[in-house]
Amino acid sequence: MQKEIVIVGLNHRSASIEVRESVAFENAYVKDALVQLRAYPSIQEGVILSTCNRVEIVAAASDSQSACADIKRFLGDHRGHRIPGSLEEHVYTYEGRDAIRHLFRVAASLDSMVVGEPQILGQLKDHYDFARQAGTIGTILHRLFHHSFTVAKRVRTETGVASRVVSVSSVAVDLAKRIFDRFDDKTVMLIGAGKIGDLMARHLQSHGVQSLMITNRTFGRAAELAAKIHGSPIQFEDFPRYLKMADLVLGCTGSPEILVDAATVERVLRERKQRAMFFIDLGDRRNFDPQINDIDNAYLYNIDDLKEVAEENLQERSNEAEKAESIIHEEVLSFTRWISSLDQVPTITALRQRFDEIRRKEMERSLTGALKDLSPQQKEALEDMTNAMINKMLHSPISRLKRNTQSDDEEGTLYVDALKKLFDLTEK
Amino acid sequence: MDVILLKLTALLYLLATGSFIVYVFLVRESISKLSPLILAVGFLLHTAAIGVHFFQTGYPNVTQFREALSLYSWVMVAGFLVVQFNYRLTILGSIIAPLAFMMTLAAFAFGAGSEKLPAGLKSYWLAVHVSLAFLGNAAFALAFGVSIIYLLQERHLKHKKMTRLMKRFPSLEALDRLNYVLLVWGFPFMTLGIITGSVWASIHWGDYWSWDPRLISSSIVWLFYGALLHGRITAGLRGRKAAVLTVFGFCVVLGYFLSGGLIFPSRHGGRFE
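Line order of the protein sequences matches chains A and B. Residue 1 is where the first sequence starts when you use my numbering, and the numbers rise one by one after that. Residue 1 is where the second sequence starts when you use my numbering, and the numbers rise one by one after that.
Just chain B, with the same shape it has in the complex (with noise of 0.2 angstroms):
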């Protein structure tokens, strides 16, 4: 049942990716408003794909990595609806879909079934500990997607150019403004999401902090998104290099998610194995 919603998920994942291409370069605004709205039916379906498994199961879907993409796409496609409803900005959905159709794409690729959970980790610190990290993941998510759209539009203006492209794309200040609040939301899940997985660690683990591979990464990206936001406040960071090195840490953090565990075994769960 909840890999038929998954797959149906994927199939107006991939719609939703078609249409924000047609919006974007045959500039139709008449489908302005259709290309989220079948994002939006997707996410409702991908909502009951996760809810149902999560009823069969009796836990969060997060320790396997197909569980994990698939939700992690799940939280950034209704960040993107939020961002929707309140900024209109339809552009950053033709990143979103996208991304969104590949990685519910790659969770069918790592395999049907669900294993029993280990019984050490069936703790209602999960729950909280993974909706607060991926909270985190998917409002930088959302920063990449408009810090992608800020350097397009930079990128024209330097140069000189004037497409029909870049009638699609919000002002340089709204972009950076959106890239800063989404990182004023981000930081904090994301800080709040590692102090409660330490929690949970020292309960089940024994102890707050190991030097585990995936550990030691999170506080590197944790001590860069802070530098950012630190730079942004007092220093004026702004602009092109803003958006650039908010698109670096994204990479760090989806290279990571991605490879993470084929390159540094680690005993955190939710990655590749």
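Next comes chain A alone, as it looks inside the complex (with noise of 0.2 angstroms):
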């Protein structure tokens, strides 16, 4: 009987964090909940992938319908309580080849929120070991996932699509590695405490920025924020004293003037032995003078720079994607090569023995009936002749089909279809 690959899942795009948080597996629960899946009758194998921005089921069914309605049913029971309204709305169902290429995109990043971040790929392979561990993990989907772990690696090498971040704060940070080769021992000054700033304050904290200074004109924001953030307010007058102490210096005040000019770089450059400074100018108006662009190890970029730079990207991205889809293209109809391959030999036997079977019936009624009086050598050379005349009418179709399922995608699964459907074979 042939097994299908269902997922039934919500992610990034069809529901909102506060539902993707409530709807989400934690990792010590994971296993529990997946034996609780396999008790459904319909479903063979599961695997259960919980990340902050998504969580999906994937399963192998003999039946692709009850098992959704099934998983669907089992997402309700346990989760269906904890949100407001339907789950229904926020699911979404994937069966069959699409099924099996959403898997591979979600492998590949390429459905993640950020396309191309990495971490996905090892969150799916933690799930898939929960799911082993579990014992809910069969042939269909052990492969299916390690096809997909070998899909993500050939799109991270034979595509850039992995290289690539979009988003202005990570166009920064990623400008900012190309200068500083860690952040760990670096201090960021940010001048001024808006939002967008606060923001970028954080984005270069998570890559490692440890220590971080911030200022305002009115101090007590600069201190709220400072006690949010983990960072240390300092007064605004004397943000230039502090000014040599930091290797990133964001500036995203409303001011009409500018706050630091090229002259002071100059000098606070010669105080730090000309350590490099990159200056990130986020503010509407200029907080920082052009021409500090201008001085040796000084960096200058404006918000229209990062948009730039950030747009550069998307269009290179774009290409990179159209290289990794059409791999992933190919990888699926690799295996769904393998799975119809899987249904091929049962096909085959089975077939062999209709046609075995009505031969002996026939034979039998014969020899017994009209043709009784044959001598043994007789009744030999008939079932020798019955014999050669079946294996002479299946081969071609056979040696077909096992054409067809190596060679060619759809064709193979519809040649096994219509065997089983003209002889009758799914009973067997």
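For the record, the hints were derived by calculation from the structure and aren't laboratory data. All C-beta atoms in this analysis are idealised placements derived from N, C-alpha and C, irrespective of residue type, glycine included. Heads up, some of the hints might be wrong.
Within a straight-line C-alpha distance of at most 25 angstroms, the following computed PhoX-like cross-link-like pairs (lysine-lysine) qualify [stated by the list, open to error]: (1) Lys420(A) with Lys392(A); (2) Lys161(B) with Lys323(A); (3) Lys177(A) with Lys161(B); (4) Lys421(A) with Lys392(A); (5) Lys153(A) with Lys33(B); (6) Lys161(B) with Lys307(A); (7) Lys361(A) with Lys421(A); (8) Lys241(B) with Lys177(A); (9) Lys307(A) with Lys158(B); (10) Lys273(A) with Lys241(B); (11) Lys307(A) with Lys167(B); (12) Lys244(A) with Lys241(B); (13) Lys323(A) with Lys33(B); (14) Lys33(B) with Lys177(A); (15) Lys361(A) with Lys420(A); (16) Lys160(B) with Lys177(A); (17) Lys125(A) with Lys72(A); (18) Lys158(B) with Lys273(A); (19) Lys177(A) with Lys244(A); (20) Lys323(A) with Lys167(B); (21) Lys307(A) with Lys160(B); (22) Lys158(B) with Lys177(A); (23) Lys244(A) with Lys158(B); (24) Lys167(B) with Lys177(A); (25) Lys153(A) with Lys167(B); (26) Lys392(A) with Lys379(A); (27) Lys158(B) with Lys241(B).
Here are a few chain B residues that sit away from chain A, every Cβ distance over 10 angstroms (derived from the structure) [said to hold, decoys possible]: (28) Asp2; (29) Leu8; (30) Leu34; (31) Thr47; (32) Ala106; (33) Phe108.
Partial pick of chain B residues on the chain A-facing surface, computed with a CB cut under 8 angstroms [what the hints assert, rightly or not]: (34) Lys158; (35) Met162; (36) Met166; (37) Gly239.
Build the complex from these two chains, which are given one at a time in their own frames, with help from the hints.
Okay, structure coming up:
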């Protein structure tokens, strides 16, 4: 009986963060949940993938429709009460080829919120391991997941998808990484306690920055933000004195005048023994003197520069994404071929059996009836002849079947299905 | 035998060059391991070639220009492989591999066959002096490569251009530090090379110092690198200026190495004749 892959789940596009958080399965609970999932008769194999951006249940089932319904019931029973309204409206389902494609895209980080981010593959591997330990993995999902790891690797090595980043603040971090080798020994100065500066400072912290100074015209706001994100607040009048300690300087005040001029930077760099400084001007008006970029070992990017770089990345990325999609397409075909080849062998055996059965019945009837006077030699010859007839008749359909499942996509499964229906093989 | 080995070496260096180019410009991650591997195989053949030559002639092969070139590129590739092992700076290979290829190729251009070593030069001092001087120069060659990459990366950042090539480059900080490390290693080697050379000269030529063009230029280069190192340590000479000076210093070394003997006749061996 052919098994199909089904995926039921929700992700950052289909559901809000609140919904995703309430549906998510904590790592400690995943194995218990898997055992309960497996208890549904329609589910033969199952994996639960749960990250902060997605919760998906991947299953192998003989009847995909009842499997989808069961998975939805499972999610509703376990998680339905946690969210307001119906779970149904946040959930998508994929079956067969679409499910395979979806899983491959997830593994290759094409379905991620930040396309190309590398964490998803590790999370996929972890959840695959949970399912293996829980004993809910069989031949099909084993093969499917390992295939998806290979796909992810191919996409990473053969396309540039993984090396692209998009948002302005990730572009800034990406640029900073080209100037600085490591962030944990760097100091960031944030001038202006605005929203975007706050975001970028957090982003830098997540990349290892430990030391953060915050200054603002209203000291209270600097102190407030500093308390929130573990920085140290400094008085606005004092910030030029602290400038020499800063490797990255983020300006995001609405101030109409220039806060740091080129002469100051030159002096500060001398005091720093020319250790590089990266200025990022996030303000609507210029906070930093544009000439700073002309000074050796000082780099200045303003918000428009960052947007431009992000734009370039985006354009480059769409080409790479196309390349990645064609890899996915190829791999989906190769996996479907494997699945249908699983089905092909039992079909061929069943077909032979069916023909042989008919032959034996008819032989028996004739040999006990009209042909009962035949000599043993003649009986044997008759046996051989009928056998040969059947073999010759079956030869070309069977070899055709084998060829098709190896070479082509849809046709292979088509013939298998047709044979099953024509000769009523499914009941066996 | 050694000539065939050297030819194979040149071929592998050429292959490595090609594969580094593919790595850099086509952004093929998959060959990031292959390129240094090809270079390493070339290096082993090169080692064999130099070894065979050494056993056939019985002295280190440095007195002729072609021998010196071959040995120089050998030390340089060894240096790169050490750097690659410690810092994973595959991109540097794209500068070192073509340089090594051209130097081995040039070694053929200057004739085959080895003449007998002048009796006066046969001494252990030769091996010591040449090894030290070459180690120093190889470190400077690598520093040259690192500086070129630094300058490219710096230019991209200043002009706010993000290209695929740039993704291959390490951070400016890492490049600058590596440049410093190579200078710190190269300078003592060069110093010791000059000292041992001077001792050897006193044995064979009878004086520690003579106003020979090669000796003068070596001293100038030594002073230059010394000043560079001093500037880096005390005066915050780093980044673009340091990279430019490193490139300049190596050009002087290379320039003299290739043409010095032509312009100013010298009794020092290992030059174009």
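Verification of the supplied hints:
| no. | hint | in the structure |
| --- | --- | --- |
| 1 | Lys420(A) with Lys392(A) | holds (20 angstroms) |
| 2 | Lys161(B) with Lys323(A) | holds (24 angstroms) |
| 3 | Lys177(A) with Lys161(B) | holds (15 angstroms) |
| 4 | Lys421(A) with Lys392(A) | holds (22 angstroms) |
| 5 | Lys153(A) with Lys33(B) | holds (16 angstroms) |
| 6 | Lys161(B) with Lys307(A) | holds (12 angstroms) |
| 7 | Lys361(A) with Lys421(A) | holds (22 angstroms) |
| 8 | Lys241(B) with Lys177(A) | holds (21 angstroms) |
| 9 | Lys307(A) with Lys158(B) | holds (16 angstroms) |
| 10 | Lys273(A) with Lys241(B) | holds (13 angstroms) |
| 11 | Lys307(A) with Lys167(B) | holds (18 angstroms) |
| 12 | Lys244(A) with Lys241(B) | holds (20 angstroms) |
| 13 | Lys323(A) with Lys33(B) | holds (23 angstroms) |
| 14 | Lys33(B) with Lys177(A) | holds (23 angstroms) |
| 15 | Lys361(A) with Lys420(A) | holds (21 angstroms) |
| 16 | Lys160(B) with Lys177(A) | holds (14 angstroms) |
| 17 | Lys125(A) with Lys72(A) | holds (24 angstroms) |
| 18 | Lys158(B) with Lys273(A) | holds (20 angstroms) |
| 19 | Lys177(A) with Lys244(A) | holds (20 angstroms) |
| 20 | Lys323(A) with Lys167(B) | holds (19 angstroms) |
| 21 | Lys307(A) with Lys160(B) | holds (11 angstroms) |
| 22 | Lys158(B) with Lys177(A) | holds (14 angstroms) |
| 23 | Lys244(A) with Lys158(B) | holds (21 angstroms) |
| 24 | Lys167(B) with Lys177(A) | holds (10 angstroms) |
| 25 | Lys153(A) with Lys167(B) | holds (19 angstroms) |
| 26 | Lys392(A) with Lys379(A) | holds (20 angstroms) |
| 27 | Lys158(B) with Lys241(B) | holds (15 angstroms) |
| 28 | Asp2 | holds (39 angstroms) |
| 29 | Leu8 | holds (30 angstroms) |
| 30 | Leu34 | holds (12 angstroms) |
| 31 | Thr47 | holds (32 angstroms) |
| 32 | Ala106 | holds (35 angstroms) |
| 33 | Phe108 | holds (37 angstroms) |
| 34 | Lys158 | holds (6 angstroms) |
| 35 | Met162 | holds (5 angstroms) |
| 36 | Met166 | holds (7 angstroms) |
| 37 | Gly239 | holds (4 angstroms) |
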